[in-house]
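There are 2 protein chains.
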Amino acid sequence: MKYSIIVGQSGGPTAAINASLLGLVKTSLNDPEVEHVYGALNGIDGLLKGQIIDFKDEDLTELEKLKTTPSSALGSVRFKLSDYQTDTSVYEKLCHLFMILNIKMFFYIGGNDSMDTCCKIASYLMKINFPCQVIGIPKTIDNDLVETDHTPGYGSAIKYIATTISEIKADISAYQKGKVTFVEIMGRDAGWLTAGSKLASLNGNGPDLIYLPEGSFSLKMFLEKVENIYAKKGHVLVALSEGLKDQEGRYLLTYRSFNSNDDFGHLQLGGVGEVLAEKVNQVLKLPIRSIELNIPQRCAIHAGSLTDLDEAYECGKWAFLYAKEGYTNQMVIMKRISSFPYQIEYQLVSLEKVANLVKKVPLDYLNKTFDDVTEQYLDYALPLIKGEVKINYENGLPKFVNLKKKIISFNKN
Amino acid sequence: MKYSIIVGQSGGPTAAINASLLGLVKTSLNDPEVEHVYGALNGIDGLLKGQIIDFKDEDLTELEKLKTTPSSALGSVRFKLSDYQTDTSVYEKLCHLFMILNIKMFFYIGGNDSMDTCCKIASYLMKINFPCQVIGIPKTIDNDLVETDHTPGYGSAIKYIATTISEIKADISAYQKGKVTFVEIMGRDAGWLTAGSKLASLNGNGPDLIYLPEGSFSLKMFLEKVENIYAKKGHVLVALSEGLKDQEGRYLLTYRSFNSNDDFGHLQLGGVGEVLAEKVNQVLKLPIRSIELNIPQRCAIHAGSLTDLDEAYECGKWAFLYAKEGYTNQMVIMKRISSFPYQIEYQLVSLEKVANLVKKVPLDYLNKTFDDVTEQYLDYALPLIKGEVKINYENGLPKFVNLKKKIISFNKN
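Protein sequences appear in the order of chains G and D. All residue numbers in the first sequence are consecutive under the numbering used here, ending with 410. All residue numbers in the second sequence are consecutive under the numbering used here, ending with 410.
These are calculated hints, taken from the structure and not from any lab test. A few of these clues could be false.
Copies of one chain are not kept apart here, so a pair can be met inside one copy or by any two copies together.
Said to hold, decoys possible - Below, computed lysine to aspartate or glutamate pairings styled on EDC-like, alpha-carbon distance capped at 20 Å: (1) Lys174 <-> Asp110; (2) Lys350 <-> Asp113; (3) Lys401 <-> Asp51; (4) Lys396 <-> Asp376; (5) Lys174 <-> Asp42; (6) Lys356 <-> Asp376; (7) Lys176 <-> Asp42; (8) Lys230 <-> Asp42; (9) Lys117 <-> Asp42; (10) Lys62 <-> Glu385; (11) Lys402 <-> Glu32; (12) Lys396 <-> Glu385; (13) Lys402 <-> Asp146; (14) Lys321 <-> Glu30; (15) Lys124 <-> Asp28; (16) Lys396 <-> Glu59.
Let's have the full structure, built from the sequences with the hints guiding it.
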């Protein structure tokens, strides 16, 4: 008997999330048992509002461009799903929709918050014995999902970061007496992205100092190191995580007067580079520059990793293949078989084991003085940035997918 | 009779300045009359200190990597040369060096400040009838040199800017209710770089509003526009120059409490995006994000323009060829013969006509309300970003030139 499936994207955009979408959509469209492959616009939000498209309405050649289109082609959302113990109304609405559209599989591509949504839906459906499977597909540049070796999106993000760090290093080395340059990199509680800056050292262009939230940060030691390096080289390149904390566990950023919170009540980060730059200028009287890599970190497909996009595609593909085998309430993970040669296997893990948890950078990836990253990290990360992405160029610039996004009409009542 | 030549690089790094160096070095090394091709480290500073290398000591295959290495391979300097009317000591030192090393041609790759240096040296040498020719080779991402159609470095900078704008646009469009996002672009008095953001509109990913220093900026009109666009789209992308001024001619940036000056006494810019973002947040109560593209604009070779690098190479080559014909006190310029098909001729212009002058964006490149850029600009700029650069990748990252930089030994007295 034929059935339909639906997919949504959620959380912060990445360079690879659309590659996962393509992997899932292409594989399922080719399956003779699948009648419709639906996409929910803006994740769970569009699902609840009936903003749903049918991938059969899209042009297949155009769809191929998903692989090299950054951000979330279906649109994203930040949505905290209520517990079904306290309120089942949203869940009932979903079941109703799944019934009307004959949806037997629900796929959600996202990070830890999204896996929480996934997990709640899966639990509810199992509880009421509703015949729809739920599979999560990981994505986050932050690489902070537990259970999986790494996350799709991370490889492209650190390839961009290390490429940019290399170029900045070349730039700041041009002057005999240069500046102390800070490059502030995303990462609230985990320093995965900042660690990636170290890859630039493989070609001789790495930062002089690297600070992750996992390390213990001493302002005194930091200033001493900066002073010494500057005296020797005439310039210093510091890579640091936005979520860097002092030895008392306070975000260095809270030294600023004005701070704000995001939709989830998290402190909005960004600016820690400037905080430290001012300290260096005040105490050491050295010239400074602060660079925030900002959102290009999560969408710079033009410097993306081919390995990352290929893996993201595979995660989408395997999500469907595993669902076909009957699995539900699971997330696709990548298990590393070996680093040299690099080999990955796609497996599953229960969503409960993933949702809301954060994987930090293990301490053996940090050096003893917490101002650098070790060889072990390089062995881990190098395979993830191999290969360059061939993007579609038009007018000398990247050309992204252009989906029709025709909303299907159906009787919602 | 055999002679030697010398070249230096000066001013802010670009993605293309080393391509010009390669064009000059390769062409002159192949000339049977040329005995030594010298390079001065850190421009005029290394010249005066005798920090000079001989390109014959470098590996030719390695030298080829200059074409795809950003920044200044010889090192750069910011040096304001005194007038020879007031102090000839520096000039005498230079003449002495040129005599010892049998240097008959001096080439300097740089922007307006560097062309001032070039011009002073050329004038002095002519005044005392010293047999050494001086040719300037243009470079600056700012595109603000007069007389030339555009400057080497500009094409790569705007290709990077427009690529990044495209990706940011894709990113911020993922949410139904997003932010008002500001992208701050370099440009003190001329908006050439910010204008480049408009190229992203050719593929449907352009900014909603573009503000250049050449336009008249009204905060009231700006806030109205932002409010209207946000109401319609749910997000706004604003590209703006760091040197944006209000209707009274004050840098918007001076609204900040803390400001500092650079080595030339210019106000250090950067932060105008945040100034306007705060206004939008205070007045319109809309969520905001401010992104400063910062120094990757001048060194992001990985998103460089092949046309730009090829032209930069040609400028270096023609500098030598014109010097061979006997010209001095000149700068190489590019004259546009036609845009479609794109065709450039390499010519010369007197250094006096170039030094210290700034070419602003002509008003017919700005729309009437000074918040967008016109089709005429696109016709001008599109040819400059055509073609992608094939850079050397090692370990998944760009690998730059590694010069030996062996300082020559000679009797300076």
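*asked:* At most 20 Å between alpha carbons: which applies to Lys402 and Asp146, within, between, both or neither?
replied: Cα proximity of Lys402 and Asp146: none, with 34 Å in one copy and 43 Å across.
*When no copy is named, should Lys62 and Glu385 be tagged within, between, both, or neither for a Cα gap of at most 20 Å?*
both (16 Å within a copy, 19 Å between copies)
*How would you label the pair Lys230, Asp42 (within, between, both, or neither) given a Cα cut-off of 20 Å?*
between (53 Å within a copy, 17 Å between copies)
*First find the shortest C-alpha distance between Lys174 and Asp42 inside one copy, then the shortest across copies, and answer within, between, both or neither for a cut-off of 20 Å.*
between (53 Å within a copy, 12 Å between copies)
*Up to 20 Å between alpha-carbons, please classify Lys396 paired with Asp376: within, between, both or neither.*
Answer is between; shortest inter-copy Cα gap is 19 Å, intra-copy 34 Å.
_Please sort Lys402 with Glu32 into within, between, both or neither, judging by C-alpha distance up to 20 Å._
within (18 Å within a copy, 66 Å between copies)
*Lys396 and Glu59: within-copy, between-copy, both or neither at 20 Å Cα*: For Lys396 and Glu59, only the intra-copy Cα distance (11 Å) is at most 20 Å; the inter-copy one is 34 Å.
*At most 20 Å between C-alpha atoms: does Lys396 with Glu385 qualify within a copy, between copies, both, or neither?*
This pair counts as both: shortest intra-copy Cα distance 17 Å, inter-copy 14 Å.
*With 20 Å as the alpha-carbon cut-off, assign the pair Lys124 and Asp28 to within, between, both or neither.*
neither (29 Å within a copy, 83 Å between copies)
*Quick one: Lys176 to Asp42, C-alpha cut-off 20 Å, is that within a copy, between copies, both, or neither?*
Between copies only: 18 Å across chains, 47 Å inside a chain, cut-off 20 Å.
*With 20 Å as the alpha-carbon cut-off, assign the pair Lys401 and Asp51 to within, between, both or neither.*
Close inside one copy (10 Å), not across copies (60 Å); limit 20 Å.
*When no copy is named, should Lys350 and Asp113 be tagged within, between, both, or neither for a Cα gap of at most 20 Å?*
within (10 Å within a copy, 66 Å between copies)
Violation of the numbered hints given earlier is confined to hints 13 and 15; the remaining hints are satisfied by the structure.
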